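Enquirer: Here is how the chains run, residue by residue.
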Amino acid sequence: MGAVRLSTDFKIAIVGSGPAGLSAAAHAATRGVSHVLLERTDHINDTIYKYQKRKLVMATPVELPAQQGLELEFKEESREEVIDSWTKTAADTKANIRYRAEVNAITGEQGNFQLALVGGEAITAEYVVLAIGVQGNLNQLTIPGATIAHSSGHPMVQYQLDDPDAYEGERIAVIGVGDAGIENALALATKNEIYLINTGDEFPRAKPANRALIMAAIEKEADQSGSINHVKNVKTEEVHDGMLVLRGTDGAVVNVACDRVIARIGAQPPSRFLERCNIKVSGLPPVSETYESTQIPGLYIIGALGGYPLIKNCLNQGFEVVECILGNPVPPADEPLIQKKLTPDIVRTLDPSKNALTGAELIEQIKARAPMFSTLQPVQIREFLIHAGLHYLQPGAVVFERGDATNSLYTVLAGEVGIQINPQNPGDLVRLGPGHFFGEMGLISGRKRTATVVATEPVLLFEVERNTILKLERSEPAVKKTIEDAAVIRQIKTFLMPHVEDELLREVVATSQIISKERNEVLIQEGADDNAVYLIRKGSVTVSKRVGGKEVVLNYVAAGNYVGEMALLTHQPRVATVTAASTTEAIAIDSAVFRKLLDRDPELRRRVEDEYEKRISDREIMQRNAEAGDLITFLVREGMGEGTDVLLIDESLCVRCDNCEKACAETHHGVSRLNREAGPTFAMVHVPTSCRHCEDPHCMTDCPPDAIHRAANGEVFINDQCIGCGNCKNNCPYGVIQMAAMPEEKPSLLSWLFFGAGPGPGEDKSEYGMKHRKGSAHAVKCDMCKGLAGPACVRACPTGAAIRVNPAQFIEVMRNAR
Amino acid sequence: MSMSDTAALAATRGRLSRHVSFLAYDNFRYLKLALAAVAGSIVLYVAVPPYGERYGGGWAGYTLGTVGALLILWLTWFGYKKRTYDPERKYLQPHGSGAPDSAHQAEDPSRLARRLSAHVYLGLALVVIATLHTGFHFGWNVHTLAYALMCLVIASGVYGVVAYVRYPRQMTENRQNMTMAQLQAQVVAIDAELRRRVMPMDDAMATIIRGSLDNTPIGGSMWRQVTGHYPDCGTVQAIARLQAMPDAGPGAIDDTWRLLRTKLDEKAALVFRLRRDVRFKALMDIWLYVHVPLTFALLAALMAHIVSVFYL
Chain S
1 MGAVRLSTDF
11 KIAIVGSGPA
21 GLSAAAHAAT
31 RGVSHVLLER
41 TDHINDTIYK
51 YQKRKLVMAT
61 PVELPAQQGL
71 ELEFKEESRE
81 EVIDSWTKTA
91 ADTKANIRYR
101 AEVNAITGEQ
111 GNFQLALVGG
121 EAITAEYVVL
131 AIGVQGNLNQ
141 LTIPGATIAH
151 SSGHPMVQYQ
161 LDDPDAYEGE
171 RIAVIGVGDA
181 GIENALALAT
191 KNEIYLINTG
201 DEFPRAKPAN
211 RALIMAAIEK
221 EADQSGSINH
231 VKNVKTEEVH
241 DGMLVLRGTD
251 GAVVNVACDR
261 VIARIGAQPP
271 SRFLERCNIK
281 VSGLPPVSET
291 YESTQIPGLY
301 IIGALGGYPL
311 IKNCLNQGFE
321 VVECILGNPV
331 PPADEPLIQK
341 KLTPDIVRTL
351 DPSKNALTGA
361 ELIEQIKARA
371 PMFSTLQPVQ
381 IREFLIHAGL
391 HYLQPGAVVF
401 ERGDATNSLY
411 TVLAGEVGIQ
421 INPQNPGDLV
431 RLGPGHFFGE
441 MGLISGRKRT
451 ATVVATEPVL
461 LFEVERNTIL
471 KLERSEPAVK
481 KTIEDAAVIR
491 QIKTFLMPHV
501 EDELLREVVA
511 TSQIISKERN
521 EVLIQEGADD
531 NAVYLIRKGS
541 VTVSKRVGGK
551 EVVLNYVAAG
561 NYVGEMALLT
571 HQPRVATVTA
581 ASTTEAIAID
591 SAVFRKLLDR
601 DPELRRRVED
611 EYEKRISDRE
621 IMQRNAEAGD
631 LITFLVREGM
641 GEGTDVLLID
651 ESLCVRCDNC
661 EKACAETHHG
671 VSRLNREAGP
681 TFAMVHVPTS
691 CRHCEDPHCM
701 TDCPPDAIHR
711 AANGEVFIND
721 QCIGCGNCKN
731 NCPYGVIQMA
741 AMPEEKPSLL
751 SWLFFGAGPG
761 PGEDKSEYGM
771 KHRKGSAHAV
781 KCDMCKGLAG
791 PACVRACPTG
801 AAIRVNPAQF
811 IEVMRNAR
Chain E
1 MSMSDTAALA
11 ATRGRLSRHV
21 SFLAYDNFRY
31 LKLALAAVAG
41 SIVLYVAVPP
51 YGERYGGGWA
61 GYTLGTVGAL
71 LILWLTWFGY
81 KKRTYDPERK
91 YLQPHGSGAP
101 DSAHQAEDPS
111 RLARRLSAHV
121 YLGLALVVIA
131 TLHTGFHFGW
141 NVHTLAYALM
151 CLVIASGVYG
161 VVAYVRYPRQ
171 MTENRQNMTM
181 AQLQAQVVAI
191 DAELRRRVMP
201 MDDAMATIIR
211 GSLDNTPIGG
221 SMWRQVTGHY
231 PDCGTVQAIA
241 RLQAMPDAGP
251 GAIDDTWRLL
261 RTKLDEKAAL
271 VFRLRRDVRF
281 KALMDIWLYV
291 HVPLTFALLA
301 ALMAHIVSVF
311 YL
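In the order they appear, the protein sequences are chains S and E.
Following this note's numbering, the residues of the first sequence are numbered contiguously, the last one being 818.
Following this note's numbering, the residues of the second sequence are numbered contiguously, the last one being 312.
Read the hints as simulated data drawn from the structure, not as lab findings.
Treat the hints with care, since some could be wrong.
[To be verified] Sample of chain E residues facing chain S (criterion: CB under 8 Å; computed from the structure): (1) V20; (2) Y25; (3) K82; (4) Y85; (5) P168; (6) N174; (7) N177; (8) R197; (9) W223; (10) V226; (11) T227; (12) I286.
[Claimed, not checked] Computed cross-link-like contacts, DSS-like style, restricted to lysine-lysine with a CA-CA straight-line distance of at most 30 Å: (13) S:K480 / S:K493; (14) E:K82 / S:K235; (15) S:K53 / S:K220; (16) E:K82 / S:K771; (17) S:K341 / S:K480; (18) S:K765 / S:K746; (19) E:K263 / S:K220; (20) E:K82 / S:K765; (21) E:K263 / S:K280; (22) S:K75 / S:K729; (23) S:K774 / E:K281; (24) S:K191 / S:K220; (25) S:K786 / S:K765; (26) E:K263 / S:K746; (27) E:K32 / S:K774; (28) S:K50 / S:K471; (29) S:K765 / E:K263; (30) E:K263 / S:K786; (31) E:K82 / S:K786; (32) S:K88 / S:K11; (33) S:K481 / E:K281.
In this text, all values refer to a predicted model and were calculated from it rather than measured experimentally.
Glycine included, every Cβ here is placed at the ideal spot set by N, Cα and C.
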């Protein structure tokens, strides 16, 4: 203490040999800088090392390039290949790695850091690169018996699973229902009997894909392979040899006989270690653009601990931080992608004094100009910036048109746009200036644009994709609130009354609330006494009434309309039940306030009364026509309520020739995305297994490479960034996505017709055809024949049995026709 | 309203229309066309005076003959067109995001239904056109052979239309909102139960049940498919033999007997429905085995007819 050292052991000390740390060490070695990489274990890359054997390590985001000269190569491959390749690179570059060197604390300052190792040794360095990630210490069981051994020698409890295939015919209890626990349970279940121990009864922390898989596995019959016993609502009490003792929330003791316990109960955040390094954190440790800690100069934090969990980012950062320490900071790897977006017009608009902007400056500008993003860390903005759009538009240019199926969110960074709120009168504009955003209605409902938006003066727009915003909404409540507040006002304006006094509108907003209902949940109960009016802003509902002991559907109401006005107008109890037909959100408007609106706005009153008349007469017709109501019930039950474009087959016309399937295969590289026969039928209407292009597509929710998009015409498609992970397939409740490799090229149709060459039209499902396919399996689904002259299935139907319809319109037409 | 709006509206209207049968396509457009062609042919036949006996010669005869021959070729071409799904572009770009063509959007989506509608009505019109072309002269020659083949092809086609109108609805009703796979799964489940139940039983009973388990075919030869007649069906036999068994008296055996009988009845009903399904499908397919080969025979005979008339 006190003595100032004249020289340090190393210039750079790197802590942690994950992708970030290893990359830094390899680059320091290449650049000939004195360095040491301190690794706690006896191998590199402990986190990936502990992945299940043969697990595929994913390389996302696809667009992100590697830094020029980056030592560690990385592409999507198996855990083993990644570790082998990096071990070799580390050896080739002669990176100086010290294994079994666990750092206990870091003290000192730039130029003279002291790293105290466990065991008492200390290492000094001018700079420290902290790349320890967040997977450091796995949580361990603290119950009695957690350390005892099984009678056959192995410890009863383990905290990792290297190779699921190494276990066979065992009874294994897996504790923990996060992704790790679920993945372990699923991998082990094929050859072992699994008890999945859950303190609750659901899987809230798991990715949706894993959740779907585990629920499917639990539902399987117990004697089928791959089935898992779900032990719910229990806490662990004690471990014995061959036994795990649990206690239920009801107090009952549950004994699970097992040969092995695998506990996957999370990891300890390294907060105590950071405290010992004098880094104060709540959330992510704050760092500068060059990843230097803002609290301790000379100490750099990269990788997952700095907020970048993706391997590609980690590798680049290791490289960048070494260059930065050497005094020649390189721009981040995504900088060229960002620069491509920065046209001279955009730079001039953002900062007239400059000819060019760096990515970091652009982010500052976005934070300053778009209040929605002002609370985000630059890191978070940078992450989605490469996918986002910057548009500079001249007055009169159309941003999007009413009826477009796009659903990204736009923010005005400079200039002004006008929203055409009245389709009949394009001059009727609501103007939005800098800092305002628009497009949130499509974002919430997933429906087509409700209004055309044009630039009214030169305008700079920042466009962010729907998926990005949905992810942000989940992680940043502030973003969600900003969007929600604005959305309610606009929805009330758009769907009910375009020109309402602000004071009145404020009263409406203050007293209204958002109600969310899952499919089949009841929004309004027949006979109830409440009388709020509900403005449906997402999803759709059915209106039904009990007639002679049977629920008869009277109406189907889609987003953008209101329900529940009858009770209000007639001062009677509810006359019908309103049930969500898909995941639905409604704005509940207080009845007193709604009455006040009607009194103040004669135009609104007239519209509401007209609609009331129409609905009353519709109901008369529908009550006498049970068949149409039954068909609506069927279609809604089959999830039609959330589709935008559904293939329906009239079975009284369908001759089962399967030409639709053949046409689909022939126009889509030999794989049919449609299964005609599968799927339910009701009253001659058959719903084949084919994508219905949901308003809020389930498949998009968890796509690691973000490969699923919605095109302007509404079709949901998968682009060539698909990595074949199968999440979308598992998330689709309608089973319309399959994992398939493409068949080989076939001889021409005439060769088949005249000489019988090749398998003929349609997907070659013969044994030979299934075996001889090209490349790896990727997710394939209906893309509505994007770019062709209409859907091939419909065009190829010889009898007119197949049609593609918008369900809401179809139901409307059907109601009117009967 | 801009052009693209009009196109979009037309497309919406087209897609809003409910299912329309190929027979009623576009308000019977091709029926009307065929009737016009028939009327025109009759007028031609009656109005243009022959210079001898009425037969295929003379300009009216040649016109009818040429129209008929071209129609035959065009009708045959249907088989090729049915299997070409997009003539301009065989495959979609794998994951292209090219802007869709709005002109394409407005095109009638049911391309093949339109073609089939025309195929049926113009094919029927051919009967009249070709008959008038013959001038009602028939004999044991290649000319009449071509005519006879044509009539057979058309007759099989008429059967096809009838089958296409008749069986789809019956097929659906037969399935009672279930898929073939679901029906089969039920049969498999019953079989599994029968197998379990039969294990502790005596040989006589086991043999009866095994007959049902081992020999209950669905489908098979074309004859079976079309007739739905399976004389050696193990399940039917098992039920008959169970029925014929002497009364075992009250008690456990009686219960087992009743249970097996119920299960076999259930299975027989399911198998009956599956066979009916197969039968309907076969009835919708079988005529093509006549229609298509005879078409090629017709083409050959037609060629012989034309060559012999003009060059021999």
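Enquirer: Which numbered hints does this structure break?
Expert: 6, 8, 9, 10, 11, 12, 14, 21, 23, 26, 27, 29, 30, 33
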